[in-house]
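Residue numbers (my numbering): 2 to 465.
Hints are computed from structural coordinates only; laboratory data are not their basis. One or more of the hints may lead you astray.
[Unchecked claim] Computed cross-link-like contacts, BS3-like style, restricted to lysine-lysine with a CA-CA straight-line distance of at most 30 angstroms:
(1) K23 with K56
(2) K64 with K26
(3) K47 with K64
(4) K64 with K23
(5) K216 with K118
(6) K26 with K52
Since we're looking at a predicted model, the values are computed, not measured.
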Amino acid sequence: MQLSEEEEDYNLSLSKFESMLKTNKVLFFDSEEFEDIILHYLDMGKANLAKKALKLALEQHPKSTGLKLVQVEMLVYDDKLEQAEKLLNELFSIEPTNEEIYIQKANIFSKRDNHEKAVELLNIALEYTDDLADVYNLMGMEYLFMDNFEMAKESFIHCLEEDLEDQSALYNVVYCFEFLDQNQEAIDYLTQYIDQNPYSEIAWHQLGRLHYGVKEYENAIRAFDYATLIDDEFLGAFMERAKALERLKKYEEAIESYNRTIELEDATSYALLRIGKCYEKLGNKVQALKYFNKTVHEDPLLDKGWIAITDFYVRQKSYTKALFFVNKALSIDNQNRLYWKRYANINKQLYQFEEAEFGYRKAVEFGDYSLETWLFWVDILEYLGEFENAIQTLLQASEYFPEENEVEYRLAGLYFIIQETTKAKFHLSNGLRLNFDNYTILEDLFPVVWARKMVQNYIAKHKK
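Work the whole structure out from these sequences, hints included.
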């Protein structure tokens, strides 16, 4: 690609300066050349070279306001705020209408967490600057620091009105809309923006994301299609497009889109995992398992990959294999309640009840308070003959489910077993009151209790 004359001059200045450093010969540069060189090194994170360039620059141009403002920028960069402020005050007395002075003062106040004052100074800078977009962008960032997302959004919109191509402002304005839960307003804004700038792949991609967020998957796909037409290597758009196609159950098209991301970049474990899931939905078990295995080969520490294989084998009722793979997932994340529940369910299917009980206990310990988990856990405890533990667990569950007949019937059955008849009758009454027809829980889970004449009579009496 041919460089512009300005870029060629810039590269020439840079080469000339670096040659000077190597030969120790002092060459002359005009002040603007020096500014470009210093800012280049700052952008590259080469602070020492930037300082060398500044020292030489000020020796050659001691009265240059532009270079002194670059010096201020470097002082701020080094957190030497008092020195920077002192120099700015000197410059202000010489050039009170120089917008860069207000911008750098705002930067100092921002560093001191006085963002209101920074905004005040940036508003003054707006009166003097030719680069309104840059100042509005800075103002938007100050409002973000203050968590004032409405004003930040307004500032970034003003920035885009001045410079449609400012991608960081575009991302930031969408971020503000999303934070404010204004998804439809964001969609409307991006639609208007695209009318003015139809070849912005970023805008189309963000529009697709927003449509996806409100479950308008067809519209999302259309937007991602435009993004990929403008930039056929836009990896993020292909990935998001694939997710939207999955939502519409267009699994073959989703696989194509995920494969495109793999063509653009080395295979990611996420893309491989999703391809496996799509093949499974299509009923192609061989390809599904192949891609799940590729996922864990690509990233052995991705617990979701091991869980995908676990779930695959559970659906095939191959519980021994499923147990092997859920243990792999737990070795990576042993505080995941959903993994412990899988571990417990699989062990239950394998009639390994002590391991199943341990799994349900861990699931609850790590925050699974669903009724189903409590009941599975209690039923295993009852099967193992741990009646007291089962009662204590049910009493714990009743704190979360105070009016649940399934809890009450189980408490009744267990209290009958340990001969605490008064408590048993109390909980049986509760169960019958909450859902009379579910008394069959006693028949299914506590056949010995069910066979007692006293229990039968109690239920019959309650029915009358």
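Results for each hint:
| no. | hint | result |
| --- | --- | --- |
| 1 | K23 with K56 | holds, 16 angstroms |
| 2 | K64 with K26 | holds, 23 angstroms |
| 3 | K47 with K64 | holds, 25 angstroms |
| 4 | K64 with K23 | holds, 27 angstroms |
| 5 | K216 with K118 | violated, 42 angstroms |
| 6 | K26 with K52 | holds, 18 angstroms |
The structure is inconsistent with hint 5 alone, although it conforms to all the rest.
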